[in-house]
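Engineer: Chain by chain, the residues:
Number of protein chains: 2
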Amino acid sequence: MTLFKEDLYVLNVGLASFADAIVDAGGNATRIEWTPPAGGDAAVGRALARLVNHKDVEAANSKAYAAYLSSQPILEGIELAKTAIPGMGARTILHAGPPIPWDRMCGPMQGAIAGAILSEGWAQNDANARRLVESGAVRCEPCHDHGAVGPMAGIIGPSMPVWIVRDAERGHRTYSNLNEGLGKALRFGANGDTVLARLEWMRTKLREVLAAAFEVSGPIELKPLMAQALQMGDEVHNRNAAATSLLLKKLAPALLRSKASRSDVAEVVEFIAGNDHFFLNISMAACKAMTDAARNVPLSTMVTAMARNGVEFGVRVSGSGSRWFTAPAPLVEGLYFPGYSIADAAPDLGDSAITETAGLGGFAMAAAPAIVKFVGGAPEDAIANTAQMGHITLGRNNAFTLPSMGFVGTPSGIDARRVVDTGICPVINTGIAHRDAGVGQIGAGITRAPLACFSKAISALAAELPPD
Amino acid sequence: MTLFKEDLYVLNVGLASFADAIVDAGGNATRIEWTPPAGGDAAVGRALARLVNHKDVEAANSKAYAAYLSSQPILEGIELAKTAIPGMGARTILHAGPPIPWDRMCGPMQGAIAGAILSEGWAQNDANARRLVESGAVRCEPCHDHGAVGPMAGIIGPSMPVWIVRDAERGHRTYSNLNEGLGKALRFGANGDTVLARLEWMRTKLREVLAAAFEVSGPIELKPLMAQALQMGDEVHNRNAAATSLLLKKLAPALLRSKASRSDVAEVVEFIAGNDHFFLNISMAACKAMTDAARNVPLSTMVTAMARNGVEFGVRVSGSGSRWFTAPAPLVEGLYFPGYSIADAAPDLGDSAITETAGLGGFAMAAAPAIVKFVGGAPEDAIANTAQMGHITLGRNNAFTLPSMGFVGTPSGIDARRVVDTGICPVINTGIAHRDAGVGQIGAGITRAPLACFSKAISALAAELPPD
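Sequence lines, in order, name chains A and B. Residue 0 is where the first sequence starts when you use numbering that gives the first Met the number 0, and the numbers rise one by one after that. Residue 0 is where the second sequence starts when you use numbering that gives the first Met the number 0, and the numbers rise one by one after that.
Treat the hints with care, since some could be wrong.
Calculated cross-link-like contacts (lysine-lysine; reagent style DSS-like; alpha-carbon spacing at most 25 Å) [stated by the list, open to error]: (1) Lys222/A / Lys372/B; (2) Lys258/B / Lys204/B; (3) Lys249/B / Lys258/A; (4) Lys81/A / Lys4/A; (5) Lys249/A / Lys204/B; (6) Lys372/A / Lys249/B; (7) Lys249/B / Lys204/A; (8) Lys204/A / Lys258/B; (9) Lys249/B / Lys249/A; (10) Lys372/A / Lys222/B; (11) Lys258/A / Lys204/B; (12) Lys4/B / Lys81/B.
Here are a few chain B residues that sit away from chain A, every Cβ distance over 10 Å (derived from the structure) [unchecked claim]: (13) Asp19; (14) Gly86; (15) Pro98; (16) Gln123; (17) Gln227; (18) Ala251; (19) Phe336; (20) Gly394; (21) Asn397.
Which residues of chain B face chain A? A few of them, derived with a C-beta cut under 7 Å, are [stated by the list, open to error]: (22) Pro223; (23) Ala226; (24) Gln230; (25) Gly232; (26) Arg256; (27) Ala265; (28) Val268; (29) Glu269; (30) Pro368; (31) Ala369; (32) Gly375; (33) Pro378; (34) Ser403.
If you are wondering where the hints come from, they were derived from the structure by calculation, not from laboratory data. Glycine residues also receive a C-beta, built at the ideal position from the N, C-alpha and C atoms.
Produce the entire structure from the sequences given, and follow the hints as far as they go.
Structural biologist: Right under this line is the structure:
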């Protein structure tokens, strides 16, 4: 009975017009930011409602997340793709993201595939290379279908060297190509003579010298190295300066004790020391090893892959195995190199969002305040992004702690239910390729995975539940 | 006339009892933390008052601070101390901190001096080594009097190798010994066979191989390297993991292209890769080059050196040249290794507070949240320490930016006036030596420079002013 005599403290959730009326009448109302689950899509909302608090889903997610946490990726070594990657056909080129036919591919991916075909020696010029794919003589398949990941265009040809990572806990292997450095590079769609010459050097000299080093060093544990890099300002997606240094600290003594010639060792050390992104591809293979550990748990809504082919953004969740849930790939806000703008950019591209899938990259931005000089924004944004990702993840990975947030573990194990429920989409740090083949990188920035991928996944998983 | 009818908002500065009376009477009072300038010493307060806002002092400080900012330390190379350091006598041992007679030295400094004498071959056992100093046959002098700095005991003998740093802007040179690694080390007062054997290896193999590398690499600019390390979680005093990696990235290619043998290069790379503190001594010499640039500006109250000998803490200010203002060295709060406590510790020791004098170390802790795992506290404390140092410094050094604080420059150029005025004493990150010779490091922590050093400096500089 005292309500009308007291000062009212009003919180308004949802429609702004309720709060407007109170303010118009001279009262105060605090507006709570809120949007309906599933972006207001009633069918998806009903699917979500069936999955939320469902005990079988909870149990499945606990199992999947525990598998991810317990994964122990180790870098075993380096080999040619055709030797290392099981089931890779002789005339197959792997690419980033979900499957896509040649004629729908973005410019940089087509350019990179043509470059890979030239590099393999299957064609002598760009036009002939493209014709081989159009005719079906060369097949293009997603890296992810072969346990592999590649940044940007993500191109892997049979005679490219690949990193081999093994989950010591479960034994499965993952693969990634080797990082070429910044600027004109195959992964950004450049395929000129310098790009092809570097690929040839990587296939021969770099591979042989690194293989010799691994004979001395043996496998390298990746989780402690990545954890240490997080203490040194990396988020091991777009910032790998510390991780690359730490890797070089491990490799340099082994290189020196190896059978490789001194001048070859010097060349390789200079190449690694000159490319702060060298560790990125290893980070990606490690992240895929960790997220693959969580695959194929029936009914689990945990995301096990996010990948982009420059046209579509694809998401996989544990409970639906290797099925892709796709939506158009977004453009990337960020810092563009002088002379370029978002109008020149290809949409979001690459398998590197596997790092975010594993709770690193954008999810661990709080560890890497200096990254905002590369991707844009302020250090507070980096911390805010990490904090926000805590709302859509299953837990904290205490193997990867964030110094600036009091050493809490990084938010990890994206729960597709929470993404759809809150409308908070996974944040991704990424490089930006020019939309045309042959140009290369034109910037770096931050984007978000599209909500529609997660909505489709939720609908599909709800259909797996027995009827209520 | 309305005062007694209104709600009162009371701020209380100074004596708590004023606020107590208001609270007792039912009112509210906000207590402002404040202590009288100069710790309440009236004579020092009067001296301070003469220096504050004095236009000649302001001009002197601007000149000194600008000189510090413009310094460009470059690492020129490595040589034996007797060759490199001008005026170093044949039978002289340099030590950390202000001058101190042998019989007043702390245990670790005596142990380290004895070790250096054994290492020089001037005596065959510890007792004879000590007798040489007692008899005056070996002289002990501060590093700082010879343009040098050394961490902890800071011992430099004539045939030890030293880093040579030159300020490219002004041409003056500074020196530091080489870092031995953690655990049992001469700088912590250990002087057993393994310590002496390592010193011998450093004098011969390490020095020769590094000198060969410098023939290839040429001088290395230190400011950009240190700035990059601040983006990677170092404060380049107690955390040098990134800086050491960055140095190795520069040195490794030069080592491989040098005339040194492959197995020697491997030994040296392994030594550097195995010691995350390797860069510390280079950082210290760079910091001394920067602060020496600001020396000898008449009337300037800018601090140009802070150094401890384990008994006394000494401070130099620009306006009084090489004069030391001393007070008893404090004990260090921090994280002690298992089995040790503050009761086992020598008081604050070493020239490494030159990093704080240059706006790094404790002053740049905000760049290095992970350091709290080594020195104690929480990441918030690291940021709070850096923020607080902004109250006692002349400006921000934009060559050294702090990512977690929005890329502001590190607070630098300690103004002795502001220390005495506010009672805020410079914060110092430091290692902790056992009080007895021969034991070594037992922890790391945070301490403060004693107020009395700055009060004495203020009194001395006020006496330089012409009468009012």
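Engineer: Now tell me if each hint is right for this structure.
Structural biologist: Here is how each hint holds up against the structure:
Of the pairs offered as hints, the one joining Lys222/A and Lys372/B holds, with about 19 Å between alpha carbons and a cut-off of 25 Å not exceeded. For a cut-off of 25 Å, the pair hint linking Lys258/B to Lys204/B stands: about 13 Å separates their Cα positions. Among the hinted pairs, Lys249/B with Lys258/A is consistent with the structure: their alpha-carbon atoms are about 23 Å apart, no more than 25 Å. A distance of roughly 79 Å separates the Cα atoms of Lys81/A and Lys4/A; the hinted pair therefore is violated under the 25 Å criterion.
Restraint check: the Cα-Cα separation between Lys249/A and Lys204/B comes to about 22 Å, which is no more than 25 Å; the hinted pair holds. For the given pair, Lys372/A sits about 23 Å from Lys249/B by alpha-carbon distance, which is consistent with the 25 Å threshold. For the hint pairing Lys249/B with Lys204/A, the CA-to-CA distance comes to about 22 Å; that is within 25 Å, so the pair holds. For a cut-off of 25 Å, the pair hint linking Lys204/A to Lys258/B stands: about 23 Å separates their Cα positions.
With a CA separation close to 16 Å, the supplied pair Lys249/B and Lys249/A stays within the 25 Å bound. The straight-line distance between the Cα atoms of Lys372/A and Lys222/B is roughly 19 Å, inside the 25 Å bound, and the hint therefore holds. Taken as a hint, the Lys258/A and Lys204/B pair is honoured in the structure, with Cα atoms around 23 Å apart against an allowance of 25 Å. With a C-alpha separation of about 79 Å, the suggested pair Lys4/B and Lys81/B falls outside the 25 Å cut-off, and the hint is violated.
With a closest Cβ-Cβ approach of about 33 Å to chain A, Asp19/B is found to remain outside the 10 Å limit, as its non-interface label requires. Consistency note on Gly86/B: stated as away from chain A, and its beta-carbon is indeed over 10 Å from all of that chain's, at 38 Å minimum. The beta carbon of Pro98/B sits about 39 Å from the closest Cβ of chain A, which is more than 10 Å, so the claim that it is off the interface holds. Taking the minimum C-beta to C-beta distance to chain A, about 36 Å, the non-interface status of Gln123/B holds against the 10 Å cut.
A cut-off of 10 Å between C-beta atoms contradicts the statement that Gln227/B is not in contact with chain A; the least separation is 8 Å. Not every CB of chain A lies more than 10 Å from the CB of Ala251/B, the least distance being 5 Å, so the non-interface label is violated. The claim that Phe336/B is not at the interface with chain A holds, since no C-beta of that chain comes within 10 Å of its own (minimum 20 Å). Consistency note on Gly394/B: stated as away from chain A, and its beta-carbon is indeed over 10 Å from all of that chain's, at 21 Å minimum.
Non-interface status of Asn397/B relative to chain A is upheld: no Cβ of that chain comes within 10 Å, the nearest being about 14 Å off. For Pro223/B, the interface hint is violated, the least distance from its beta-carbon to any beta-carbon of chain A being 13 Å, above 7 Å. Because the closest C-beta pair between Ala226/B and chain A is about 11 Å apart, greater than 7 Å, the hint is violated. Restraint check, Gln230/B versus chain A: the minimum CB separation of about 4 Å is within 7 Å; hint holds.
With a cut of 7 Å, the hint placing Gly232/B at the interface with chain A holds, because the nearest CB-to-CB distance is about 4 Å. Taken as an interface hint, Arg256/B checks out: its beta carbon lies about 6 Å from the nearest beta carbon of chain A, inside 7 Å. Restraint check, Ala265/B versus chain A: the minimum CB separation of about 4 Å is within 7 Å; hint holds. Given hint, Val268/B at the interface with chain A, holds; its Cβ is 5 Å from that chain's nearest Cβ, closer than 7 Å.
Proximity of Glu269/B to chain A holds as hinted, the smallest CB-CB distance being about 5 Å (cut-off 7 Å). With 7 Å as the threshold, the beta carbon of Pro368/B comes within range of chain A, its nearest partner Cβ sitting at about 4 Å, so the hint holds. At about 4 Å, the closest approach between the beta carbon of Ala369/B and any beta carbon in chain A falls short of 7 Å, and the interface hint on this residue holds. Hint status for Gly375/B relative to chain A: violated, with the closest Cβ pair at about 13 Å, above 7 Å.
A distance limit of 7 Å between C-beta atoms decides the matter here; for Pro378/B the minimum to chain A is near 6 Å, and the interface restraint holds. Given hint, Ser403/B at the interface with chain A, holds; its Cβ is 5 Å from that chain's nearest Cβ, closer than 7 Å.
This entry does not satisfy hints 4, 12, 17, 18, 22, 23, 32, going by the numbered hints stated previously.
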